[in-house]
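Combine both chains into one complex, guided by the hints.
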Amino acid sequence: MNLPTFLGGVHPPEGKALTENKAIEKLMPTTAGELFVYPLSQHIGAPCSPTVKKGDAVSVGQKIADSDAFVSAPIFSAVSGTVKEIAPKMTVAGSVEQCIVIESDGQYTKAPSLLDELGHKPKPDEYVKLIRAAGIVGMGGACFPTHVKLAPPKDKPIDWIIVNAAECEPYLSCDNRLMIESPDEIIRGLQYVLEIFPGAQGVIAIENNKPEAIATMTEHNKNPKITIMPHKVKYPQGAEKMLIKSVTGREVPLVPALPSDVGCIVLNTRTTWQICKAIEEGLPVIERVVSVTGDAVAEPKNLQVPLGISVRSLVDACGGFVHEPAKIIAGGPMMGLAMRSVDVPVVKGTSGILALTSKLAYIAEESACIRCGKCVEACPMHLEPTLVDRAVRLRDYATFQAHGGESCIECGSCAYECPASRHLVQSFKNGKAFIVAERKKAAALAKQKAEAK
Amino acid sequence: MSTQLTVSTSPHVHSEFTTRGIMFSVILALLPAGITSVYFLGYRSFAVIAACVIACVACEWFWQKCVMKTKVTVCDLSAVVTGLLLAYNLPPTMPIWMAICGSVFAIIVVKQFYGGLGCNIVNPALAARAMMLISWPTAMTTWTVQGMSGATPLAAMKAGNAFKLSCWDMLVGNMGGCIGETCSVLLILGGAYLIWENIISWRIPVIYIATASILGALFGHGGLMSEIFTGGLLLGAFFMATDYTTSPMSAKGQFIYAFGCGLLTALIRTWGGYPEGVSFSILIMNVAVPLIDQYTAPRILGAPKSNFFKRTGGK
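If you read the protein sequences in the order shown, they are chains A and B.
Going left to right, the first sequence walks through residues 189 to 641 as this note's numbering numbers them.
Going left to right, the second sequence walks through residues 823 to 1137 as this note's numbering numbers them.
The hints are simulated quantities; they were obtained by calculation from the structure and are not laboratory data.
Check the hints yourself; a few may be wrong.
What the hints assert, rightly or not - The following residues of chain B were derived to be distant from chain A, with all beta-carbon distances above 12 Å:
id : residue
1  : Val879
2  : Ile930
3  : Thr964
4  : Ile1036
Said to hold, decoys possible - Straight line, CA to CA, 35 Å or less: simulated DSBU-like cross-link-like pairs of lysine-lysine:
id : chain 1 : residue 1 : chain 2 : residue 2
5  : A       : Lys420    : B       : Lys1127
6  : B       : Lys1127   : A       : Lys629
7  : B       : Lys891    : A       : Lys617
8  : A       : Lys298    : A       : Lys251
9  : A       : Lys617    : B       : Lys887
10 : A       : Lys413    : B       : Lys1127
11 : B       : Lys893    : A       : Lys620
12 : A       : Lys617    : B       : Lys893
13 : A       : Lys617    : B       : Lys1127
14 : A       : Lys620    : B       : Lys1074
15 : A       : Lys342    : B       : Lys1127
16 : A       : Lys241    : A       : Lys317
17 : A       : Lys628    : B       : Lys1127
18 : A       : Lys547    : B       : Lys893
19 : B       : Lys887    : A       : Lys547
20 : A       : Lys617    : B       : Lys1074
21 : A       : Lys620    : B       : Lys891
22 : A       : Lys214    : A       : Lys241
23 : B       : Lys891    : A       : Lys547
This structure is a prediction, so every number in the text was calculated from the model and none was measured.
Ideal Cβ positions, reconstructed from N, Cα and C, are used throughout, including at glycine.
With the rest of the complex left out, here is chain B (with noise of 0.2 Å):
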């Protein structure tokens, strides 16, 4: 036989998972909600959402290339998912100079300084878009529907304004908001379709949710409905949130992790001097990830049962 045989270790074969199919998966979930939001907030929205995944791109590009001169790693499409993710965030008036200058940020302060793809600490979009709120704020909310300005529903609600949407315009996202989180129906079927490949578990999403929109209305912020469908409660409970970098591995630690969020959200929605909450409560607990992973490591099959703290946090 003259044939070369490959000698490596176990397992030989392997499923179907790859982390560009992930990414590619994702990005095919979010393309609804944006084409959408081009539809209802017009052109300007697809030139914020090309310039934040060229930008992205170009930057991981760059950085990669030219600065670490390592291997470049944008065909696994993360970069691109973090445009996405950054554009949706964005109101569609945004300048684009801006919208560049916090692609920028995300993809080389927040993710290529700690190490790039699965380093980052804080999801690179979130971080950005924080940036962008503090140093621009009012460009970052100031929002335009069909060519009237005006505020945002959670924006309305806050300054106390009976602010009356038909349940049909939250659902598809004719009102005001960012980019991508105006449309809940695209946003819920991406996310489930996300649920349904197997490439985020639904027990962040669906606890987020729950605890977001059942606390914020006990607390009597607005009603369940408002809660989940305005605002980016949706956008970031499945596609945020669900960021497998800055997320817990295990089951427990992602309840916590959801339950976290939600009351963060409820609680800057409510009291906080944000009409939105739900970047800087995922930001906020992206950052004690370590800690929940460290606490919630499961159970070494025939470990003893009472070893919780011994066998990680005492350590």
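With the rest of the complex left out, here is chain A (with noise of 0.2 Å):
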């Protein structure tokens, strides 16, 4: 059979047998006086200022910190206690950012609800409020609010609704479980933004190495306007575009285009089911699936967590380490970040704790590239990644742009499968960093001539 893919890509092994049979697990620390900790910015765009204040005693549900901002999203207190400080603290990136502390109670007392607050059922046209008030992301990783995806401008009419139940990175499974154990959350919230486009049709695409996932959904999904998709195992085939163009054969234009300007909206599984849940009930985003993986875990586990919740507390509810980790990874191996610690807190993106060994972990030495071509193979945005990384090395932005660096999704496989381990990703990661700081530099000398005339 062949299932639509994309060109590129590559085959890392997959990992996912530790956990994809694991079902969720659910973990509610209740001794009082553990503390959670909430990162004012868990999303692109503004971060978020703080609503409430040191001593101010929160409960489950509850809003901590907004943001007037329209790309932003707010974030709530998964449990109830006292917030005790509103400091800086190390995020899951290895920086240190501004962050709500909360001293939870262990009690778990909820606040009322976002439809109390609205009053009654919502309507179509109140979902993508709604949506907002929910403080909800984009929940693979990347973390893009869900209400601006949902509100493309007026003259690009919205036909696709994909949702994004791939999961190509390796050893995750949170999505595979999602799907397996509540398909019809995900089917209906995909049915609430299908009332919002009605011109829509749905499609939620799964890599067919999630039989059970594909099965259950197909058994569950009664609607003729949804689709399940299996798509070739490859990887990133859950990348945007590329999920784009297999599933639609469209190709979303170079940078700064988006998926709306050919009409398609991707969300991920887990950002769909909290869709569901955020218009049917009125819940907010407070917790989250968490894949802890990898071959130094005692016992690999998938396990619904409270947002705030300390990485520490994860990996001890899996056993702890059987063997020293390299590397703790908190996204999946091809586009995670390493942690320079645990003791950092769960975030609306953390879709895996994957810790390796210095077995799997690859840690090398960099080499000269001797132009095998292996990086332009692999490549799924068919770029030339060697020379690419040689611009941004020899300082040459202008060919780093004119090579279409601005349009690499620092998906990982050039470097993956580079035989003299360049390290492709960073030096990409370097040259798009550069022409951002120019662009804002030259923005701010713009704005200085406008004010000095």
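Below, the structure written as structure tokens:
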């Protein structure tokens, strides 16, 4: 059978066997005094400002931070207790950011739901507002605020809503378990989005290595507007542009174009589940499923945890480490962030905690590029990574842009294949950061000039 | 937790490919043909092979350690591959000192002067062979098979002599020629192994061999079989033209490059001054690679379709 896919990509070992058959376990620490930490920036866009202050009592589902900016999403407490402090703390990315620290009372006293505040059953034209109010962001890891995605410009009709259930990152299986254990919520979540875009059709795209999820979803799907579409197993099948290409055949134009430019909206599985819960129960984003896995973990599990919980608690719940981990990664091995410490909080985008021993974790020295072209073959964006890399190293940013460096999706396929272990992704990130900084500088300069006049 | 965690950019896993692993596979693929040539052409073959390999590795080590004072990378085995390939391109009767001179030229002049691994613009082994062919034309074209000296099949064809070889002799390498280019069966097997291991793509060898043999036959130079199985076409197509550094990276570029190699080989074999055209064809196409690469860059996903000249050529 010829399953839809895209050109390029790689086949890293899946590693999913560790957790794919592990039912989601609920982890709810009830010890009073445990600290829950909420970074004020858990999404792409403007960071939030706290709406609570030190000493305030909070309950489960209570909003603790929000922003007036359009591209932003509020943050909620997942526990009840008191605000201990608002201070800089280390986050998953290893940087120190302003965080709200809540001391849990272990009671999980619930705050009134978003629906109680609304006072009635939400109507389709209120969905987007409710989704923003619930703090929903792309929960696959990118954390782009969902209400922004669902509010495309009026001149761009949307005809495809794609639920990204590819879960192409090796090791992770939280989306897989969610589909097996609550298929109806995901389908209803997609239905609600289709109510916002009546002209669109829905697709739930799943990689073919999740037969149980595909069977469950197909069995539960009664909506003729929704198709369950198995995809070829290949990384990065779940990257937005690759998924759009293989589902619709359309190509998202070069950056800064968005999926809505080709009539598509892509939503993560967990995000779709959250949309359903927000609309039906007024539930904000206060918990998520995290795959705690890797060869260093004693008993890999899929855990449903309250946000803000320490990663250390997750590791402890899985029996700790049996082997010494060389790398602990937040997310999957291809795009995840290597962590400096496990004493950081789980945030909205934490899809996995992966602890790899030195046997599997890749730590290698670079050697010279031999122009083998494996990166060119692997790049799903059809770039020539080695040339882009060379441009960055020469600080030749014009060539970097000419070779399409800004189109890089940082999927890591090139670096995965590179026999010389070139640090390609690092190089591209540097190049992109430089361009962004230059643009900001230019904009500031232009503003200064305008003001001087 | 007292353990030190490594923090680095993603990805955190890696494929099994390493430069050294790739070079090792190439050596593995080349060895059987070399062993057969020692069997057919005598121990002199072995002496030439050993001299080239040792000289190449020593040159690379010397240059990196004593001249450039950089990290010594002889462990990546690329110098061994160069040495093997150079030896395979020499007649077994080659004086050892000449073979060593060729190795020095290959590694120091062609490879290291241009920046070392991945930076040379032409294939070091082939460039050295070309240098030797010009410097010592007699030594480079004297063949002795089983104690009988004579011309190679292609040279005989060039001279207009009927040189009838049985298919069997052509396949196993019981004929005049360079050390590594005679045993067709093992060269094809070695090449197939590299394609199977995903180390080289089928594009360059298949298109090169097809173009060279069909055009050679069309030009009236020789039969299809003798075009393929005599001379250095197989060795060149599988092991020299596919050299990563000096061949195009994109699929489209590889098609053009391989076709160019094939066309030039057929032209030189038929009308050129040399009986053999593989080395010079590949060298000429090596030089054309940057240009080919520039015009055959793949279209970035989402880029407008008509950007063939706009994105790279027009810049």
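The hints, checked one at a time:
1. At roughly 17 Å from the closest C-beta of chain A, the C-beta of Val879 (chain B) stays outside 12 Å, upholding its exclusion from the interface.
2. Interface exclusion of Ile930 (chain B) from chain A stands, the closest Cβ pair being 17 Å apart, more than 12 Å.
3. Listed as a non-interface residue, Thr964 (chain B) keeps its Cβ farther than 12 Å from every Cβ of chain A; the least gap is roughly 35 Å.
4. No beta-carbon of chain A comes within 12 Å of the beta-carbon of Ile1036 (chain B); the shortest separation is about 26 Å.
5. For the given pair, Lys420 (chain A) sits about 26 Å from Lys1127 (chain B) by alpha-carbon distance, which is consistent with the 35 Å threshold.
6. Of the supplied pair hints, the one linking Lys1127 (chain B) and Lys629 (chain A) holds, its CA atoms being roughly 33 Å apart against a limit of 35 Å.
7. For the suggested pair Lys891 (chain B) and Lys617 (chain A), the alpha carbons sit about 31 Å apart, so the restraint of at most 35 Å is met.
8. Taking the CA atoms of Lys298 (chain A) and Lys251 (chain A), the gap is near 12 Å; set against the 35 Å cutoff, the hint holds.
9. Using a Cα cut-off of 35 Å, the hinted pair Lys617 (chain A) and Lys887 (chain B) holds, with the two alpha carbons roughly 34 Å apart.
10. Proximity of Lys413 (chain A) to Lys1127 (chain B) is assessed by CA-CA distance (about 32 Å); at most 35 Å being required, the pair is judged to hold.
11. Taking the CA atoms of Lys893 (chain B) and Lys620 (chain A), the gap is near 30 Å; set against the 35 Å cutoff, the hint holds.
12. Taking the CA atoms of Lys617 (chain A) and Lys893 (chain B), the gap is about 27 Å. The hint holds against a cut of 35 Å.
13. Using a Cα cut-off of 35 Å, the hinted pair Lys617 (chain A) and Lys1127 (chain B) holds, with the two alpha carbons roughly 27 Å apart.
14. For the given pair, Lys620 (chain A) sits about 28 Å from Lys1074 (chain B) by alpha-carbon distance, which is consistent with the 35 Å threshold.
15. As the CA atoms of Lys342 (chain A) and Lys1127 (chain B) are separated by approximately 27 Å, the hinted pair is consistent with the 35 Å bound.
16. Pair hint Lys241 (chain A) plus Lys317 (chain A) holds up; C-alpha atoms about 26 Å apart against a cutoff of 35 Å.
17. Note on Lys628 (chain A) and Lys1127 (chain B): the hinted pairing holds, with a Cα-Cα distance of about 31 Å set against a maximum of 35 Å.
18. Taking the CA atoms of Lys547 (chain A) and Lys893 (chain B), the gap is about 26 Å. The hint holds against a cut of 35 Å.
19. For the proposed pair Lys887 (chain B) and Lys547 (chain A), the alpha carbon gap of about 32 Å is at most 35 Å, so the pair holds.
20. A distance of roughly 28 Å separates the Cα atoms of Lys617 (chain A) and Lys1074 (chain B); the hinted pair therefore holds under the 35 Å criterion.
21. Between Lys620 (chain A) and Lys891 (chain B), the direct Cα distance comes to roughly 34 Å. Compliance with the 35 Å bound is thereby established for this hinted pair.
22. Simply put, Lys214 (chain A) and Lys241 (chain A) have alpha-carbon atoms about 30 Å apart, close enough for the 35 Å limit, and the pair holds.
23. The suggested pairing of Lys891 (chain B) with Lys547 (chain A) holds, with an alpha-carbon distance near 32 Å, which does not exceed 35 Å.
Hint compliance for this structure: no hint is broken.
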